[in-house]
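**Student:** For reference, the chains in residue letters:
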Amino acid sequence: MPLCMTREKIGSPEALNSLAGRLKERAGGRKMVSVCLGTGCRAEGSGEVYEAIREAVGELGLEDEVIVMGSGCHGLCALGPLVILTPDDIFYPKVSPEDATEIIEKSVIGSQPVDRLLYKTGGKTCRCQSEVPFYGRQERIVLGLNGIVDPHMIEDYIREGGYQSLAEVLYKYPPEDVVSEISASGLRGRGGGGFPTGRKWESCRAVETEDGKFVICNADEGDPGAFMDRSIMEANPHTVIEGMVIGAYAVGAEEGYIYIRKEYPLALNTLQCALEQARDYGLLGHDILGSGRDFEINVARGGGAFVCGESTALTASIEGRVGEPGAKHIHTTESGLWGRPTVLNNVETWANVPEIIKRGSRWFASIGSEGSKGTKVFSLVGAIKNTGLIEVPMGITLREIIEDIGGGMAGNHGFKAVQTGGPSGGCIPADHLDMKVDFDSLIEVGSMMGSGGMIVMDESSCMVDVARYFLDFLRTESCGKCTPCRDGTEQMFMILDRICRGKAGEDELGKLEEIAELVRETSLCKLGSSAPNPVLSTLRFFRDEYEAHIRDKKCPAGVCSALIEFSIDQEKCVCCGRCANECPVDCIAGTAGKPPAKASEEDHQEGKVGEPFLIDVQECVKCGSCFDVCPTDAVEKK
Amino acid sequence: MTVAETENAIKHTDGVIESYGAKRCDLIHILQDVQEEYDYLPRPALERVSEKLNVSLPEVLRVATFYAAFSLEPRGEHLITVCTGTACHVKGAPRLIDALQRDLGLEEGQETTDDMKFTLREVRCVGCCSLAPVLTVDGRIHGNLAPEDISDILEDCF
Chain A
1 MPLCMTREKI GSPEALNSLA GRLKERAGGR KMVSVCLGTG CRAEGSGEVY EAIREAVGEL
61 GLEDEVIVMG SGCHGLCALG PLVILTPDDI FYPKVSPEDA TEIIEKSVIG SQPVDRLLYK
121 TGGKTCRCQS EVPFYGRQER IVLGLNGIVD PHMIEDYIRE GGYQSLAEVL YKYPPEDVVS
181 EISASGLRGR GGGGFPTGRK WESCRAVETE DGKFVICNAD EGDPGAFMDR SIMEANPHTV
241 IEGMVIGAYA VGAEEGYIYI RKEYPLALNT LQCALEQARD YGLLGHDILG SGRDFEINVA
301 RGGGAFVCGE STALTASIEG RVGEPGAKHI HTTESGLWGR PTVLNNVETW ANVPEIIKRG
361 SRWFASIGSE GSKGTKVFSL VGAIKNTGLI EVPMGITLRE IIEDIGGGMA GNHGFKAVQT
421 GGPSGGCIPA DHLDMKVDFD SLIEVGSMMG SGGMIVMDES SCMVDVARYF LDFLRTESCG
481 KCTPCRDGTE QMFMILDRIC RGKAGEDELG KLEEIAELVR ETSLCKLGSS APNPVLSTLR
541 FFRDEYEAHI RDKKCPAGVC SALIEFSIDQ EKCVCCGRCA NECPVDCIAG TAGKPPAKAS
601 EEDHQEGKVG EPFLIDVQEC VKCGSCFDVC PTDAVEKK
Chain B
1 MTVAETENAI KHTDGVIESY GAKRCDLIHI LQDVQEEYDY LPRPALERVS EKLNVSLPEV
61 LRVATFYAAF SLEPRGEHLI TVCTGTACHV KGAPRLIDAL QRDLGLEEGQ ETTDDMKFTL
121 REVRCVGCCS LAPVLTVDGR IHGNLAPEDI SDILEDCF
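Protein chains in written order, with the working numbering: chain A, 1 to 638; chain B, 1 to 158.
Keep in mind that the hints are not guaranteed to be accurate.
[Stated by the list, open to error] Below, in silico cross-link-like pairs of lysine to aspartate or glutamate (EDC-like), each with a Cα-Cα straight-line distance of 20 Å or less:
{"no.": "1", "chain 1": "A", "residue 1": "526", "chain 2": "A", "residue 2": "472"}
{"no.": "2", "chain 1": "A", "residue 1": "262", "chain 2": "B", "residue 2": "26"}
{"no.": "3", "chain 1": "A", "residue 1": "622", "chain 2": "B", "residue 2": "107"}
{"no.": "4", "chain 1": "A", "residue 1": "24", "chain 2": "A", "residue 2": "65"}
{"no.": "5", "chain 1": "A", "residue 1": "503", "chain 2": "A", "residue 2": "544"}
{"no.": "6", "chain 1": "B", "residue 1": "23", "chain 2": "A", "residue 2": "255"}
{"no.": "7", "chain 1": "B", "residue 1": "23", "chain 2": "A", "residue 2": "296"}
{"no.": "8", "chain 1": "A", "residue 1": "622", "chain 2": "B", "residue 2": "33"}
{"no.": "9", "chain 1": "A", "residue 1": "385", "chain 2": "A", "residue 2": "404"}
{"no.": "10", "chain 1": "B", "residue 1": "11", "chain 2": "B", "residue 2": "47"}
{"no.": "11", "chain 1": "A", "residue 1": "637", "chain 2": "B", "residue 2": "98"}
{"no.": "12", "chain 1": "A", "residue 1": "120", "chain 2": "A", "residue 2": "88"}
{"no.": "13", "chain 1": "B", "residue 1": "23", "chain 2": "B", "residue 2": "47"}
{"no.": "14", "chain 1": "A", "residue 1": "622", "chain 2": "A", "residue 2": "606"}
{"no.": "15", "chain 1": "A", "residue 1": "262", "chain 2": "B", "residue 2": "122"}
{"no.": "16", "chain 1": "A", "residue 1": "622", "chain 2": "B", "residue 2": "148"}
{"no.": "17", "chain 1": "A", "residue 1": "262", "chain 2": "B", "residue 2": "33"}
{"no.": "18", "chain 1": "B", "residue 1": "52", "chain 2": "A", "residue 2": "319"}
{"no.": "19", "chain 1": "B", "residue 1": "23", "chain 2": "A", "residue 2": "319"}
{"no.": "20", "chain 1": "A", "residue 1": "622", "chain 2": "B", "residue 2": "108"}
{"no.": "21", "chain 1": "A", "residue 1": "262", "chain 2": "B", "residue 2": "39"}
{"no.": "22", "chain 1": "A", "residue 1": "503", "chain 2": "A", "residue 2": "586"}
{"no.": "23", "chain 1": "A", "residue 1": "262", "chain 2": "B", "residue 2": "36"}
{"no.": "24", "chain 1": "A", "residue 1": "262", "chain 2": "B", "residue 2": "138"}
{"no.": "25", "chain 1": "A", "residue 1": "637", "chain 2": "B", "residue 2": "148"}
{"no.": "26", "chain 1": "A", "residue 1": "481", "chain 2": "B", "residue 2": "108"}
{"no.": "27", "chain 1": "A", "residue 1": "622", "chain 2": "B", "residue 2": "98"}
[Unchecked claim] Residues from chain A shown here face chain B by an in silico Cβ test under 8 Å; the list is partial:
{"no.": "28", "residue": "43"}
{"no.": "29", "residue": "225"}
{"no.": "30", "residue": "304"}
{"no.": "31", "residue": "319"}
{"no.": "32", "residue": "322"}
{"no.": "33", "residue": "326"}
{"no.": "34", "residue": "388"}
[As the list claims (entries may be wrong)] Pair by pair, the computed Cβ-Cβ distance ranges are:
{"no.": "35", "chain 1": "B", "residue 1": "8", "chain 2": "A", "residue 2": "6", "range": "51 to 57 Å"}
{"no.": "36", "chain 1": "A", "residue 1": "490", "chain 2": "B", "residue 2": "103", "range": "29 to 35 Å"}
{"no.": "37", "chain 1": "A", "residue 1": "136", "chain 2": "B", "residue 2": "8", "range": "57 to 63 Å"}
{"no.": "38", "chain 1": "B", "residue 1": "158", "chain 2": "A", "residue 2": "96", "range": "24 to 30 Å"}
{"no.": "39", "chain 1": "B", "residue 1": "102", "chain 2": "A", "residue 2": "96", "range": "31 to 37 Å"}
{"no.": "40", "chain 1": "A", "residue 1": "89", "chain 2": "B", "residue 2": "115", "range": "53 to 59 Å"}
Hints listed in this document are in silico derivations from the structure and should not be mistaken for laboratory results. Every residue, glycine too, gets a C-beta built ideally from N, C-alpha and C.
Make a model of the complete structure from these sequences and hints.
**Tutor:** Rendered as structure tokens:
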């Protein structure tokens, strides 16, 4: 949307209201094409789709009637690039640039869906997003405006009621009432620990100081397999900024930081652009909305260290030092960044704040389960059909998430486990699929909520390998300050590595459990004390797999390369030779041609008969390429 | 580095330090900007940062080796990063790494090819878990890969 107005400071809630009204009026009646430009869809070519649609609109001379918007993540990454048309409410998955003209002519001008482009599942054709089962079970509070607002246009956010909550607290609520509202809502930190946000704010607010306080947004999403926070920042950065300004007012801070991962360049740019626009309108900086209150947000780029998710390590990193955690007997809320009282919440926690203020703590507390209120955003990935970004009410069951939203397992393998909580979490097996997903239930089964990564694994995943993978991650990311974590993670990794290579003795499981217990009890920070979780949870639910590795020297899932061997079933081999072509070390020999069993006398005379292929196991590097390409499943993995 | 290159690196580093007002708390940001320019942290630049910010060289090196974003070795012409996030791991990232090491002729622990053409790195998560397994070549994301796709991807770089 071309910007026809210059951004001037908004001096009062009334001025904000009137701007929102004007923006609504201007958008009224115009058709909008929203193309997802989230990182996932971009990788699938949505940038080209966006350009093609803009071109088509230009060629038809519709620039004034049709808004083409590049939006943040719509959620269903598995079917990208995604396009949504409003107000006709049409949803198109897997759009290619060639579809642009047809979409504009038939669906935007004609308001009719293009049938071949619609999403079809289970014999049903879905015209709009809400008919797609993936979205049906979701409750989108934090992600509510994804796809509706252009993250680079603050006007879109204001048009949809953005910054109204800020105006309300600045003019109507004393700071302590803001804190009680957040406390009453039951909001708990979305970054992993689940600490009650209101209580954290209250202890910071209560500190009297002349030196100033800080609020920090932790956007250093370090869990592998998680991209919730990145998507929020890329899709709707203002909800995070508004949340932070409200929090700053509540606790009495005049300066804040957003600590963001360097690996997220798109989120960083979007955020910086949003901060700039908020300053232009006087929603950030000096004399916010004419209230006399000041608050500034700085951006600190993280250096890439998982331990910086720990509050004391994060503040050390902002101060330009190595991210080593400190002892926790003094709370960050009393002495945090540069020794001053500091409130640190993650992206999703801040993003919930404006909506809680707008709709009230009672409404928020009505969603969710006993001890966990509201919704949670998850990145639902792995071996399921509908991978993507989801937001669900707390208390939903794992089965509902995996089967109803995720569409069940992809491929031929059955469900084995779901991993939550990142490297600090655990693997949950099939017999717990009906458990509720909330902070406390997840801890009961030896996992945790974490920041919201949810990785579904099928029978082709080896649980010992998964534990080894997380310990490899943790031993590298351990900052090295305290011995139990530095050496304990290393020792646990070494045992797991030996198990995966079939070199572990029978007594090593006991040793592993002993070290795990010690690391859990004696580590300085949460990275260390939760590091044994991947080991303990897999041992608890998949002990037989460990035993198979140790006693039988077998990897039941066929993952651990030292314990598997590839061979070709001579009866099934059709002598196509694809395995030999793909083999990177040329260790497969045979002759391409007609399979001997099917060859005629004539074929023999003409020399067209092949010879079944064989793998030289001494030379084989077990890359599995032959297994992947064989058209008749003749290649066996044992 | 040649004498001229060293002089240039120092000059560039001075500019970066200046742009942050030579504050100690911006050490990480300064190193990030230097890394951005050279794709690694040249020794003369680190020495200059130490001198100008009045932070001991061991402390600068400690920060430079603590964070994954920094490298002390120059990298090759093309940078390939394989995502080793959980989703990518269970969907076969280790097999992609094996195939790349084999095709590029990299020894265990070696990051950059002898001809300085390719650098292979692992990254914790690029956040495209839906496309797992994923790798990036010079920032461009390739998803849903199998080891068989590696040779085509490398060929595109020539």
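**Student:** How about residue 43 of chain A: closest beta carbon in chain B under 8 Å, or not?
**Tutor:** Because about 4 Å separates residue 43 of chain A from the closest Cβ in chain B, which is inside the 8 Å limit, the hint holds.
**Student:** For the pair supplied as a hint, residue 637 of chain A and residue 98 of chain B, is the alpha-carbon distance within the 20 Å limit?
**Tutor:** 18 Å, holds
**Student:** Are the Cα positions of residue 622 of chain A and residue 107 of chain B separated by 20 Å at most?
**Tutor:** 18 Å, holds
**Student:** For the pair we were handed, residue 52 of chain B and residue 319 of chain A, check the Cα-Cα distance against 20 Å.
**Tutor:** 17 Å, holds
**Student:** Check whether the Cα positions of residue 262 of chain A and residue 33 of chain B lie no farther apart than 20 Å.
**Tutor:** Satisfied, since the Cα-Cα distance of roughly 11 Å is no more than 20 Å.
**Student:** Keeping to a limit of 20 Å between CA atoms, is the pair of residue 11 of chain B and residue 47 of chain B held or broken?
**Tutor:** Status holds; Cα separation ~12 Å.
**Student:** For the pair supplied as a hint, residue 23 of chain B and residue 255 of chain A, confirm whether the alpha-carbon distance does not exceed 20 Å.
**Tutor:** Within the cut-off at roughly 18 Å; holds.
**Student:** For the pair supplied as a hint, residue 262 of chain A and residue 36 of chain B, is the alpha-carbon distance within the 20 Å limit?
**Tutor:** Since the Cα atoms of residue 262 of chain A and residue 36 of chain B sit roughly 11 Å apart, the hinted pair holds (cutoff 20 Å).
**Student:** Does the structure keep residue 23 of chain B and residue 47 of chain B at a Cα separation of 20 Å or less?
**Tutor:** Distance ~16 Å between residue 23 of chain B and residue 47 of chain B Cα, so the pair holds.
**Student:** Check whether the Cα positions of residue 24 of chain A and residue 65 of chain A lie no farther apart than 20 Å.
**Tutor:** 15 Å, holds
**Student:** Taking the least C-beta to C-beta distance, is residue 304 of chain A closer than 8 Å to chain B?
**Tutor:** 3 Å, holds
**Student:** Decide if the proposed pair is consistent with the structure: residue 385 of chain A and residue 404 of chain A, CA atoms, cutoff 20 Å inclusive.
**Tutor:** 11 Å, holds
The structure shown violates the earlier hints numbered 8, 14, 22, 26, 33, 35.
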